[in-house]
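Engineer: Chains Z and F are the protein sequences, given in the same order. Numbering-wise, the first sequence is residues 1 to 512 according to my numbering. Numbering-wise, the second sequence is residues 1 to 386 according to my numbering.
Just so you know, the hints here were simulated from the structure itself, not pulled from any lab data. Quantities reported herein were computed from a predicted structural model and do not represent experimental measurements. Honestly, I wouldn't trust all of these hints.
Only pairs whose alpha carbons sit at most 30 Å apart, straight line, appear in this in silico BS3-like list of lysine-lysine [claimed, not checked]:
(1) F:K138 to F:K14
(2) Z:K258 to F:K138
(3) Z:K351 to Z:K54
(4) Z:K468 to F:K126
(5) F:K335 to F:K138
(6) F:K335 to Z:K201
(7) F:K300 to F:K193
(8) F:K193 to Z:K201
(9) Z:K326 to Z:K404
(10) F:K186 to F:K354
(11) F:K125 to Z:K468
(12) F:K14 to F:K193
(13) F:K335 to F:K126
(14) F:K354 to Z:K404
(15) F:K354 to F:K193
(16) F:K300 to Z:K232
(17) Z:K326 to Z:K54
(18) Z:K278 to Z:K258
(19) F:K125 to F:K193
(20) F:K354 to Z:K232
(21) Z:K351 to Z:K201
(22) Z:K258 to F:K300
(23) F:K186 to F:K14
(24) Z:K232 to Z:K351
(25) F:K335 to Z:K174
(26) Z:K201 to Z:K232
(27) Z:K351 to Z:K340
(28) F:K300 to F:K335
(29) F:K138 to Z:K232
(30) F:K125 to F:K335
(31) Z:K326 to Z:K278
(32) Z:K404 to Z:K278
(33) Z:K351 to Z:K404
What the simulated footprint calls covered on chain F by chain Z, stretch by stretch (three residues with Cβ under 8 Å from a Cβ of chain Z suffice, anywhere in the stretch; the number is not a length) [claimed, not checked]:
(34) 70-81
(35) 112-124
(36) 215-221
(37) 336-342
Every residue gets a Cβ at the ideal spot worked out from N, C-alpha and C, and that includes glycine.
Single-letter residue listing:
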Amino acid sequence: MGFRIDTVLSHTPIGARSLVNRVSAAAGYAFRGLRELILDLSSFSAADFLVYAKYSLLVWGCIARVVIRRGPIGFIHELIRYPWMLHLLRATALMRRFARGRSGLYLESMCMVVHSVAELLSELLEDLFYHRDRLIITEEMVPPDIARAMGLKVWMLEAMGILLPMMTPEFCLKYIDEAENAGVNPDACSLPKATMGMVMKGHMPDGLALVSSNMPCDAGMASYSYIQRAYKLPTYRLDVPNNFTNDRAERLFSEDLKGMIAFLEEHTPGRMDWNELKRICEGRNRMLDLELELWDMIRLRPAPLAAEAVILSHMWHFNLFAGHPKSVRHYERLVEMARKNLEEGRPATEKERFRTVLWNPPFPHFVDIFNKAERLFGVTLINDSMTYNHHTPIDTSSPETMLKGLSMVIMQGPMVRHTRGPADNYLDDIFRMVRQFDLDMVWVANHVGCKSGQAMNGILRELCRERKIPLLVLDYDLLDPRIASRDSMMRQLEFFMENVMKVDRLEARRTG
Amino acid sequence: MCKEGNTVKTADRKALKVFQELLENPVNRLVEQAAGDGRIPLGYSCSFVPEPLLMADRLFPVRLHATGIAGTEIADNYLSSLVCSYTRSILEFAFDDRYDLLQGWVFVPSCAHMQRLQDNLEYLKKPGFVHTIDVPRKVSEATLDWMEEELHMLSDRLASHFQVDMGPDSLDKAIASWNEYAETVKAVGELRKRPDPPLTGTEFHAMLMASLASPKDLIMPEIRAFRDEVEQQGDITGHRARLMVVGGHLHDPDFIRVIESQGGLVVADRFCTGSIPGLMPVETNGRGPVRALAEHAFRKTLCPRMMEDFDRRLQSVIDIVREYNVDGVVIEVIKFCDLWGVDSMPLVTALRDKGIPVLKLEREYRLGGEGQLRTRVQAFLESMGR
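From just these sequences and the hints, can you work out the full model?
Structural biologist: What follows is the structure in structure tokens.
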């Protein structure tokens with residue numbers, strides 16, 4: 001190199017310096033991206049490359065359809081209103097990160113998950129563009145089933161804060177800073193902070209009404225004091241009892257759901273269509289059947305499918321699109337793939353040496369850590385706490401039974417179940433999963449903002465020692481890589497594998 | 001008395017020394033005396049726990065506090081250092097057997113921290129009697145019914161575990177006794193509405209905290225003596241501003257002393273362990289004492305855990321500012337408290353929009369960083385032109 005970029009910058013006026021900085025950053029980014037792309041693609045077999053190429057085209061097709069339908073000028077208008085949409089262009093890069101080092105049906109399942117996210121996300125965006133007259137705003141733990149059955153469109157405020165850091169790890173930082181600068185305590189969970197920041201910046205859509213809840217945590221619940229004032233919308237709040245495992249709680253919460261229906265009928269054009277709710281619940285039940293079948297298959301060692309195919313599917317499809325025909329189809333395909341691998345005696349990964357569960361929220365800004373763990377140490381992520389639920393199928397014989405069933409789905413749902421009631425709700429599920437999925441270790445995602453989880457680590461550590469279950473407590477922040485960088489997270493993982501599990505690496509660590 | 005430069009000084013009152021002494025230990029001599037007489041002390045940690053219910057028959061309530069805590073090294077191993085220092089302090093003292101005289105614990109899952117405190121306490125200490133009151137987070141006819149059932153369940157468990165009379169007559173008697181206590185303390189607190197009140201915020205809070213941590217009947221004579229003493233002495237003049245303190249748990253009166261040392265007289269206490277609106281009397285409404293207590297719990301507690309109460313919380317602060325002629329509001333938040341930490345953001349904005357000066361202080365449960373606290377308060381008073 002004949003010159004150094006910082007030498008050039010020191011001799012450049014400030015305005016031009018900023019431009020040079022930006023161009024050099026973009027060039028560096030593009031160069032690294034291209035190098036990664038070539039490395040990744042060259043590692044695929046011809047068949048895997050074709051699968052990857054097919055799903056890449058499908059993802060780009062979803063994006064193109066949204067843009068074309070809206071028209072270039074209309075879409076630019078929407079981009080100005082919702083600038084975060086630009087990050088969705090990185091969907092195929094996410095797919096590549098998932099696909100890295102994987103092959104066959106396992107690789108296809110990863111690509112399929114990303115495609116299914118893109119496909120349904122394009123529907124959500126179209127709701128934003130074309131159905132604002134029926135759009136309501138909800139908090140993340142309020143299932144959209146009932147509102148959808150009322151003919152309403154639902155925008156979950158926290159959804160983008162979880163999804164987009166998977167594509168751009170630093171996505172939430174400016175929103176987190178916005179909330180902290182406005183006075184929110186910096187030690188609060190970064191998800192409500194990012195959500196409030198997005199609302200403050202005006203990057204979230206308007207709606208007809210707001211539905212929030214007391215779930216899943218104090219910060220999440222309290223953030224709606226601000227959000228309600230910012231939106232100035234009529235608001236309904238669902239209240240899940242702390243002790244939810246009894247008929248009394250079911251009755252109270254069912255009544256609460258009825259109150260929500262009455263509220264939505266009063267403040268929106270939505271009207272309850274019980275037949276539509278029945279269709280949605282039947283779809284949800286079908287998905288539950290399929291998921292249980294999938295769990296039965298991944299119990300076997302080695303697992304026929306694993307990792308993001310299992311956990312991202314649940315996170316996206318059960319939380320946002322339960323009962324949707326495309327979600328049902330997605331689960332059918334996943335089960336078909338697992339079944340085929342099982343019949344042919346082909347594991348998801350030949351490298352499976354250890355099986356683990358992830359407890360607590362996952363790592364959106366480092367979502368490929370499981371892929372790295374799989375390649376470096378042969379650790380296969382079998383399931384996670386966000387996926388593990390306990391409810392039975394919904395009885396669709398009457399409106400009453402459906403509401404009762406949905407009450408149980410909500411109250412027994414991940415995070416809701418684990419953040420309330422006695423500690424046993426949290427601990428028993430971990431040890432049940434260890435037995436059910438024949439696990440070798442437990443990973444706890446130790447999110448600094450999650451006080452409820454933090455305060456269980458002492459007990460969990462002692463109980464794991466008693467049971468001789470290796471436990472990795474991995475410190476991180478849900479959405480803020482400044483708190484624990486990808487590198488520091490990898491170091492924690494490596495330290496655990498090398499010093500506690502005492503295993504050698506399967507391959508050298510690649511940075512990035 | 002009371003003015004020295006720009007500081008508000010706490011007077012040398014005899015009764016005050018009694019209160020300060022009672023706060024030195026989590027289980028004080030009055031608790032020991034009552035327990036020695038065969039009465040049953042029950043610890044509780046949240047304002048949603050109805051004290052009168054724990055005053056029936058031989059029972060008496062003790063507000064869990066850990067004044068004088070030096071560190072929380074052992075509790076940090078279990079609760080982590082990222083959980084509020086109040087809950088860590090309670091667990092630390094529990095490890096040190098400082099609450100061994102308590103025969104039962106009554107909790108409310110008011111927040112994740114409190115809920116996990118209970119979980120860890122049960123795991124580590126396995127107390128003989130622990131009960132959780134599942135208090136809803138919004139108020140409606142249905143949740144009032146739920147709360148009433150919850151209190152009935154607690155009442156039944158207390159009756160069977162401790163063999164005490166929890167019948168309607170016993171509860172009515174307890175309510176009457178609590179109302180008398182509340183009226184007395186409230187009357188002392190209302191002396192602070194005067195332009196030049198006869199007592200400081202530090203003195204009032206010491207009295208209130210001591211009363212929460214002691215059997216009510218045994219401390220009532222001390223409260224009356226304090227009231228008489230206050231009424232006989234002169235008013236506090238020359239303070240720089242009248243302040244209201246708003247927030248969660250605040251146990252150590254020295255926190256208020258530091259604020260007052262800069263000339264800000266604390267005339268209103270709208271926090272968990274404060275008198276406003278915590279001391280409003282229980283209204284018996286003919287629907288039974290338990291129902292009355294359920295309604296009272298919601299009415300007298302203004303906590304950010306209640307999802308639909310933000311406007312009520314805000315309005316209460318505004319009303320108190322007018323009623324007590326407050327110049328500025330100090331919001332105190334214990335570090336890592338998500339409820340107050342997040343909720344205070346729109347609260348601060350809304351109060352400032354109303355032209356009310358606000359200082360938000362993040363603090364630990366035990367008093368620390370006095371110098372910094374003094375500087376912040378001083379700067380706040382100066383920003384108000386005082």
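Engineer: Could you run down the list of hints and mark each one as holding or not?
Structural biologist: Hints, verified against the model:
1. Restraint check for K138 of chain F and K14 of chain F: the C-alpha separation of about 44 Å exceeds 30 Å, so the hint is violated.
2. About 15 Å separates the Cα atoms of K258 of chain Z and K138 of chain F, which keeps this hinted pair within 30 Å; it holds.
3. With a C-alpha separation of about 26 Å, the suggested pairing of K351 of chain Z with K54 of chain Z holds against the 30 Å cut-off.
4. Proximity of K468 of chain Z to K126 of chain F is assessed by CA-CA distance (about 24 Å); at most 30 Å being required, the pair is judged to hold.
5. For a cut-off of 30 Å, the pair hint linking K335 of chain F to K138 of chain F stands: about 25 Å separates their Cα positions.
6. Straight-line distance between C-alpha atoms of K335 of chain F and K201 of chain Z comes to about 26 Å, which keeps the hinted pair within the 30 Å bound.
7. Restraint check for K300 of chain F and K193 of chain F: the C-alpha separation of about 20 Å stays at or below 30 Å, so the hint holds.
8. A hinted pair counts as satisfied when its Cα atoms are at most 30 Å apart, and K193 of chain F with K201 of chain Z does not qualify at roughly 42 Å.
9. The hinted pair formed by K326 of chain Z and K404 of chain Z meets the criterion: a straight-line CA distance of about 25 Å does not exceed 30 Å.
10. Note on K186 of chain F and K354 of chain F: the hinted pairing holds, with a Cα-Cα distance of about 27 Å set against a maximum of 30 Å.
11. For the hint linking K125 of chain F to K468 of chain Z, the alpha-carbon distance of about 23 Å falls within 30 Å, and the restraint holds.
12. Pair hint K14 of chain F plus K193 of chain F holds up; C-alpha atoms about 23 Å apart against a cutoff of 30 Å.
13. Taken as a hint, the K335 of chain F and K126 of chain F pair is honoured in the structure, with Cα atoms around 28 Å apart against an allowance of 30 Å.
14. Restraint check: the Cα-Cα separation between K354 of chain F and K404 of chain Z comes to about 45 Å, which exceeds 30 Å; the hinted pair is violated.
15. Taken as a hint, the K354 of chain F and K193 of chain F pair is honoured in the structure, with Cα atoms around 21 Å apart against an allowance of 30 Å.
16. Taking the CA atoms of K300 of chain F and K232 of chain Z, the gap is about 27 Å. The hint holds against a cut of 30 Å.
17. For the hint linking K326 of chain Z to K54 of chain Z, the alpha-carbon distance of about 18 Å falls within 30 Å, and the restraint holds.
18. In summary, the hint linking K278 of chain Z to K258 of chain Z is supported, as the alpha carbons are separated by about 16 Å, within the 30 Å threshold.
19. Taken as a hint, the K125 of chain F and K193 of chain F pair is broken in the structure, with Cα atoms around 45 Å apart against an allowance of 30 Å.
20. Taken as a hint, the K354 of chain F and K232 of chain Z pair is honoured in the structure, with Cα atoms around 18 Å apart against an allowance of 30 Å.
21. A C-alpha spacing of about 45 Å is found between K351 of chain Z and K201 of chain Z, which places the hinted pair above 30 Å, so the restraint is violated.
22. Distance check on the hinted pair: K258 of chain Z and K300 of chain F sit about 29 Å apart at the alpha-carbon level, within 30 Å; holds.
23. For a cut-off of 30 Å, the pair hint linking K186 of chain F to K14 of chain F stands: about 20 Å separates their Cα positions.
24. Proximity of K232 of chain Z to K351 of chain Z is assessed by CA-CA distance (about 54 Å); at most 30 Å being required, the pair is judged violated.
25. Taken as a hint, the K335 of chain F and K174 of chain Z pair is honoured in the structure, with Cα atoms around 23 Å apart against an allowance of 30 Å.
26. At most 30 Å may separate the alpha-carbon atoms for a hinted pair to count; K201 of chain Z and K232 of chain Z meet this at roughly 16 Å.
27. Note on K351 of chain Z and K340 of chain Z: the hinted pairing holds, with a Cα-Cα distance of about 19 Å set against a maximum of 30 Å.
28. For the proposed pair K300 of chain F and K335 of chain F, the alpha carbon gap of about 25 Å is at most 30 Å, so the pair holds.
29. This hinted pair checks out: K138 of chain F and K232 of chain Z have alpha carbons roughly 19 Å apart, not beyond 30 Å.
30. This hinted pair checks out: K125 of chain F and K335 of chain F have alpha carbons roughly 26 Å apart, not beyond 30 Å.
31. Our distance criterion of 30 Å between C-alpha atoms is met by K326 of chain Z and K278 of chain Z, whose separation comes to about 17 Å.
32. A C-alpha spacing of about 13 Å is found between K404 of chain Z and K278 of chain Z, which places the hinted pair at or below 30 Å, so the restraint holds.
33. The suggested pairing of K351 of chain Z with K404 of chain Z is violated, with an alpha-carbon distance near 44 Å, which exceeds 30 Å.
34. Counting residues of the segment 70-81 of chain F whose C-beta lies closer than 8 Å to any C-beta of chain Z gives 4; at least three are required, and the coverage claim holds.
35. Only when three residues or more bring their CB closer than 8 Å to a CB of chain Z does the claim for the segment 112-124 of chain F stand; here the count is 9, and the claim holds.
36. Requiring three or more residues with a Cβ within less than 8 Å of a Cβ of chain Z, the coverage given for the segment 215-221 of chain F is violated, as only 0 such residues are present.
37. By the rule of at least three residues with a Cβ nearer than 8 Å to a Cβ of chain Z, the coverage given for the segment 336-342 of chain F holds, with 6 such residues.
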